[in-house]
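Based on the provided sequences and hints, a complete structural model is requested.
Chains as they are written, first to last, in this note's numbering: chain U, 1 to 84; chain P, 1 to 144.
Careful, some of the hints might be misleading.
The calculated SDA-like cross-link candidates involving lysine to any residue, where the alpha carbons are at most 25 Å apart (straight line), are [said to hold, decoys possible]:
#1 54(U) - 29(P)
#2 109(P) - 58(U)
#3 48(U) - 135(P)
#4 51(U) - 61(U)
#5 63(U) - 110(P)
Restraint ranges, calculated between C-beta atoms of paired labels, are given here [what the hints assert, rightly or not]:
#6 140(P) - 51(U): 22 to 28 Å
#7 32(P) - 1(U): 27 to 33 Å
#8 91(P) - 33(U): 25 to 31 Å
#9 73(U) - 53(P): 54 to 60 Å
Keep in mind the hints are simulated off the structure, nothing from the lab. By construction, the Cβ of each residue, glycine as well, lies at the ideal position given by its N, Cα and C atoms.
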Amino acid sequence: MDTNEVTNTLRKIIAEAAEIEPEAVTMDAHFIKELDLDSMLLLEIAAKVEKTFKVKLEERDLKELTSLRQSITVAQKYMAQRGS
Amino acid sequence: MTLDFDQICALLPHAYPFVLIDRAVEVVPGQSITALKNVTGTEPFVQGHFPRRALMPGVLMIEAAAQACCLMMLAGHPSPKPLYALGRVERFRFRSPVRPGDQLVVTAKADKVVSTAAIAEVVCRVGEVEVASGRLSFGQVGSA
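This is the structure:
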């Protein structure tokens, strides 16, 4: 999966959780301060990221899920560890 | 692991008339649970829901499922036990009425667990019939 695919997939996951259009999920929009996500929705995003990318996120990395850009970094780190 | 009613009452922060699980027949702490609620004609809600057609309210099925999830997280947890509160109810559907005489079998399976919160998929059955299902998120709000 290339960076564009990762970005589009994550954007869709985040938009669904925030109940907004995918276009509204800009690269640096802060999940809590700007997209009105809460801790429960962030956990839901983490669960969907795990299923979609077939990875298992460590709890410490959940704190890094603060924007689309940060989420791409986290997802790609795990995908690289997995070897895809 | 199994839990009888006395053990359930010791684990849950709830009290009468709001303890909605009678027994847990299988608990894998932090992972899954199968729990029972025996619905009777003397439940407090029967007086008003409804006077001539007793039905277990759907919101109480959600609450029973939430309590089952709570037990799944609290069983085997060292003291002090955390206090969990429901944070999100998603895709809950009610497919068939639950009435006095029914035994509600609640199964929950953790989908994502972190130290302070969890998400679980839950299914409620009466006999072979799936009467309700959905997804619950809950988080710690302190200690019990």
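TODO: If any of the earlier hints don't hold here, list their numbers in rising order.
DONE: none
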